[in-house]
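Engineer: Listed below, chain by chain, are the residues.
Number of protein chains: 2
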Amino acid sequence: MDAMVRWEPGARERLQAAALERFAEQGYDGTTVAEIAATAGLTERTFFRYFADKREVLFFGQDEFERTFVASVDAADEGHPIAIVATALDSAAAFFPDERRPWSRARQAVIDAEPSLQERELLKLSSLAAAMTRALQRRGIDTTAAALAAESGVAVFRVAFAGWIAEREERSLAELQRAVFSELRSLVNTI
Amino acid sequence: MDAMVRWEPGARERLQAAALERFAEQGYDGTTVAEIAATAGLTERTFFRYFADKREVLFFGQDEFERTFVASVDAADEGHPIAIVATALDSAAAFFPDERRPWSRARQAVIDAEPSLQERELLKLSSLAAAMTRALQRRGIDTTAAALAAESGVAVFRVAFAGWIAEREERSLAELQRAVFSELRSLVNTI
Chain X
29 MDAMVRWEPG
39 ARERLQAAAL
49 ERFAEQGYDG
59 TTVAEIAATA
69 GLTERTFFRY
79 FADKREVLFF
89 GQDEFERTFV
99 ASVDAADEGH
109 PIAIVATALD
119 SAAAFFPDER
129 RPWSRARQAV
139 IDAEPSLQER
149 ELLKLSSLAA
159 AMTRALQRRG
169 IDTTAAALAA
179 ESGVAVFRVA
189 FAGWIAEREE
199 RSLAELQRAV
209 FSELRSLVNT
219 I
Chain C
29 MDAMVRWEPG
39 ARERLQAAAL
49 ERFAEQGYDG
59 TTVAEIAATA
69 GLTERTFFRY
79 FADKREVLFF
89 GQDEFERTFV
99 ASVDAADEGH
109 PIAIVATALD
119 SAAAFFPDER
129 RPWSRARQAV
139 IDAEPSLQER
149 ELLKLSSLAA
159 AMTRALQRRG
169 IDTTAAALAA
179 ESGVAVFRVA
189 FAGWIAEREE
199 RSLAELQRAV
209 FSELRSLVNT
219 I
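Chains as they are written, first to last, in my numbering: chain X, 29 to 219; chain C, 29 to 219.
Everything labelled a hint here was simulated from the structure, so no lab data went into it. Since this is a predicted model, take the numbers as computed values, not measurements. Wrong hints could be hidden among the right ones.
The list treats identical chains as one, so a pair stands whether inside a single copy or across any two.
[Claimed, not checked] Listed next, the in silico EDC-like pairs over lysine to aspartate or glutamate satisfying Cα-Cα at most 20 angstroms (straight line):
(1) Lys-152 <-> Glu-63
(2) Lys-152 <-> Asp-140
(3) Lys-152 <-> Glu-142
(4) Lys-82 <-> Glu-72
(5) Lys-82 <-> Glu-211
(6) Lys-82 <-> Glu-63
Can you make the complete structure from the sequences, with help from the hints?
Structural biologist: Here it is, written out as structure tokens:
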């Protein structure tokens, strides 16, 4: 390993915070990797040790998030598909502890301002639904039930996550997901 | 209007069929507008009278589809959000009569082969969910219930539509949507 590229404790988090600061001030398109690195007090080479490109700063961790979901579906006890998905949502909520909420709020503002980032976000969520569908199918659940349980799980996550980052919301993501799930249950029971 | 660009009966449908034929044979990226027009026996100028670009051939009608959904939510009788969404799904199914099924199957194969088209498709569905959420909110339904009902509706549409274009499926989209809705109801009642 090159001696110039040494391990910096907390470098990833510093780069992520610096990127959000720059994006908020001068826009996503108007920000360079060099500026992000400088804001974090690090070199561009260090940046590229952690992230493949500028966009990756905003999406880092999502593959692991998906793997957690899928591993939780794989490991769940025997049960109905939607109960398995609810368990997976509970596990995955650990990815978003309350101390991450301000970061997630700032990140969402950047994403909402940039259509190409929205497309990327949608693709990640669609990939999550597809991966959960396959994991449920591996458990012998038929295609329609698997797809529906997975899509409902992602819908619950999306709605709960939007609530979690809303102004003044203080409940945890896990708590919101359970509330949204129970709202889904009463909603679909009205017809 | 330029006399060269005259009305051609059925031109839009001919161009769409020609595009799918070309895309299937030589890929989406490898097909030019000139080739599509030639296959349809029409000029490139005629093509651009109907479609802004090559991609639009695959997405034409989706804005109208969204408007139909929203108009149906606006016009629905007093009722629970999910019942309103179910009614809107019934109306929107008229966009996909059974004679359109072979076309939708061929179209999906093109989309599935091309990530940029998948992103576009996801963005359209996300825009549909957002438009339905706003329409439900205009009826005085609170944000969470509106978002959840809209997301569930789109999930039901996606799952039912995937079933509708599956090999050997013969049920109508409206019928599949109702079956998927009832499966959603029994799924979420198991926990």
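Engineer: In ascending order, which of the hints set out earlier in this document are inconsistent with the structure?
Structural biologist: 1, 5
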